[in-house]
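Undergrad: These protein sequences, in sequence, are chains A and B.
With this note's numbering as the guide, the letters of the first sequence map in order to residues 1 to 377.
With this note's numbering as the guide, the letters of the second sequence map in order to residues 1 to 400.
Certain hints may be false.
[As the list claims (entries may be wrong)] If the Cβ cut is set under 7 Å, some of the chain A residues that face chain B in the computed set are:
1) His41
2) Gly42
3) Pro94
Source of the hints: derived by calculation from the structure; they are not laboratory data.
For clarity, every value in this text was computed on a predicted model and none was experimentally measured.
For each residue, glycine too, the CB sits at the ideal point set by N, CA and C.
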Amino acid sequence: MSKLYSIAALFKTPDEIMSAAAKVADAGYEKYDVNTPYPVHGLDGAMKLKSSKMGYYTIVIGLTCMSLMLYFMYWVYNVDYPQVIGGKPLFPLPAFVPIMFEITVLTGAVLTVAVMLIFYFKFPNNAHPLHDSSYMKAVSSDKFGVNIEAVDSKFDLEGVKAFLSSIGAYQIDEIYFDEEEVNTKHKILDSKFVIGMFLIAGFTSISVYLHMNKALYLPPFDWMLVQHKVTAQDHSDFFKNGISSREPVNGSVARGFMPYLYSDDPDGASENLVNPYIADEENIALGKRKYLTYCSPCHGDLAKGDSRLRGQFPNGPTLHSDKLLSWTDGRIYHVITEGQNVMPGYKKTVTRKERWAIVNYVRTLQRALDATEEDMQ
Amino acid sequence: MSNHEIQINYTKKDLPKGYLKFGLPLLVIGIITAFFAYQLDPMRASFNNIISLLLIVSVGMGAIFLVALEHIAGAVWSVPFRRIAEQQGFIFLATPLLALPILFNMHEIFEWAHLDVVMNDPILYQKSPYLNTEFFYARSIGIFLIMTFFLFVYLRNSMSQDTTQSQKTTKINALISAPFMAIFAISITMVAIDYAMSLEPHWFSTIFGVYYFSGTFATAMAVLTLITLNLKENGNLLKEINRNHYYSMGGLMFAFTAFWMYMAFSQYMLIWYANIPEETFWFLPRMKNGWEYLSIGLVFIKFIIPFGLLLNRNSKMDPSRLKLASFWIIGAHIYDMYWLVMPTYNRMSGTEGPVFGWIELGFISLSVGIILVFYYLAANKKNHIPIGDPKLKRALDFQI
């Protein structure tokens with residue numbers, strides 16, 4: 001059924017449309033619109049339009065979504081999965097600000113368009129009476145038009161026509177529309193539309209699920225099981241020998257380790273090695289602790305060779321013999337490091353500093369038990 | 001888009017008396033306070049002097065930038081205010097008045113001006129090719145001379161256009177504005193680094209120049225807006241200047257209010273995130289001893305309140321609301337400069353917490369006096385409208 005929508009009038013220049021819009025507004029019409037091929041500055045003033053309320057929608061939407069985002073981030077960081085990241089507090093506001101800013105801008109922009117579509121253009125309705133009319137063709141190329149809607153309280157067909165021609169319109173059309181086709185009522189909560197949206201959402205979800213999990217066996221998340229890195233003891237196709245771990249370059253020295261140069265050369269150690277640590281109280285205390293742990297079971301608490309082994313293992317010799325007294329610090333260090341006869345080397349278990357501390361402690365014991373005349377004075 | 005041809009009938013009119021009536025006493029009070037302040041407490045006076053200098057550079061150099069911006073962008077709407085901006089740029093000539101006491105007092109304020117300190121400090125030693133007294137003098141004088149040159153070129157071209165109405169002048173202005181932009185960018189960065197950032201010579205922030213520039217633009221625009229509104233009320237300008245023009249001025253202030261926050265927050269967040277002692281130590285004094293309230297207040301005073309004041313479309317069009325916002329932005333810029341400079345005064349003088357007294361008030365009075373008096377000197381008995389500009393008619397017929 002076709003029904004009258006509006007009387008549409010065409011004008012030729014922007015100046016004409018400015019004065020025409022002002023006259024239409026002055027005549028007291030409320031339901032009318034002006035269509036121009038490009039934005040004409042000052043038209044809103046001529047039409048006496050109130051300023052748009054869209055800005056308020058935008059700020060309300062933006063601030064609401066910003067608050068929701070802030071709450072969501074709070075919930076993630078403080079409630080659901082509290083975790084200290086980078087030494088920051090659990091609620092690191094400065095880190096949230098960029099996200100809040102982006103969310104405000106994004107939702108403000110996108111949802112403003114959505115609100116505009118739903119409230120002003122009555123989405124999902126996508127037809128308008130002016131579509132497909134010769135009037136619309138004219139105003140979307142190079143003409144300027146006013147159309148006064150039939151629902152206006154002051155509308156009467158002949159009167160409006162006469163009025164429009166009196167303000168200088170060069171062409172006046174009646175615009176009809178089909179009520180079946182154009183529905184100007186809100187349809188967003190229409191049951192058909194809502195059910196249709198749910199059907200689309202359900203179909204999309206189910207098909208994505210089937211596609212990803214059943215058809216392709218492509219898990220959306222592998223929970224970090226697969227990582228593009230070579231793990232320890234792993235096979236690697238990249239290297240020729242197929243081993244993922246690399247051997248260090250010849251001559252590399254690990255951090256904190258000093259290579260021992262005299263492993264087969266006790267005389268060299270005797271001549272060249274000098275105790276780098278001063279036998280102060282702290283060093284000797286360290287040496288005593290380590291000596292009592294590692295050396296005393298065989299050599300005895302005072303290094304007299306009186307061990308607690310009671311013959312179950314060859315007794316360690318005394319460390320107060322003339323041979324030991326004549327040895328240099330380096331020689332003793334060599335024996336602790338590499339071992340001698342049945343004594344094992346201790347370089348794996350006792351660090352370099354501790355070995356030198358033991359040497360200092362042995363020297364202390366020797367001096368205490370084998371004191372010379374000079375020491376007594 | 002109106003169908004009648006605009007006729008420009010401009011009659012020259014004297015400036016309102018207020019500029020000299022308020023400006024001169026404020027200037028005199030300012031000079032007297034500054035003099036006594038330098039006698040009694042030279043260090044505090046020097047730091048306040050820096051605040052005043054940064055404000056005057058913002059107003060003056062920012063105005064020259066506004067002129068160049070109009071030329072290089074070919075902007076039309078701002079043509080009726082260009083002469084005001086040019087005459088506002090004249091305020092830049094007051095900078096030596098404020099810079100000389102600082103240059104003579106450098107040892108009082110700048111750590112890097114002491115040779116023995118620099119030689120014993122590896123960071124300052126590394127920076128010494130830039131931060132040394134000779135180069136500092138050279139930069140200050142060079143920036144002043146170059147900016148003055150551009151200012152007088154713009155003023156002379158604009159004045160001559162009043163009679164010749166030549167299109168060629170507009171083209172020449174656009175041409176010289178291109179190199180000006182590059183020079184201005186370097187100059188304002190140097191001003192910010194030299195007079196504000198080098199107070200803490202161990203600190204560095206690449207964004208600091210832009211931070212200062214964002215405040216500069218908003219402040220220059222605010223002063224321009226205030227003068228425009230005042231002259232319009234007094235009838236010195238054309239009657240065609242209307243709310244649409246005001247809207248654009250308010251819009252620019254609004255934009256640069258938000259831009260300032262963007263810059264300030266970028267600087268803060270990166271330093272907060274990285275948490276490196278070399279960078280964070282600049283913010284630490286601003287987070288204790290009462291400065292924390294000023295720091296939080298800065299966000300409100302410089303961003304949230306002017307943002308709210310200018311957010312609405314009508315608030316940019318309504319002269320009285322626009323005036324309030326402009327005053328607020330200028331005040332906020334002084335507050336910002338105070339916040340930038342004064343924590344260093346605490347460190348150097350051993351005081352704790354923000355200080356505010358007659359010295360601060362005196363220097364603010366000095367700055368306001370300089371703005372009013374120098375604008376009066378530049379604009380009195382001159383045209384307030386570039387009546388010869390070929391774009392003027394189109395500019396008056398401006399609608400948003």
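Undergrad: Compare the structure with each hint and give your call.
TA: Do the hints match the structure? See the list:
For His41 (chain A), the shortest C-beta to C-beta distance to chain B is roughly 4 Å, which falls under 7 Å, so the interface hint holds. Of the supplied interface hints, the one on Gly42 (chain A) holds, with its beta-carbon coming within about 4 Å of a beta-carbon of chain B, less than 7 Å. For Pro94 (chain A), the interface hint holds, since its Cβ comes within 7 Å of a Cβ in chain B; the closest pair sits about 5 Å apart.
Checked against the numbered hints given earlier, the structure satisfies every one of them.
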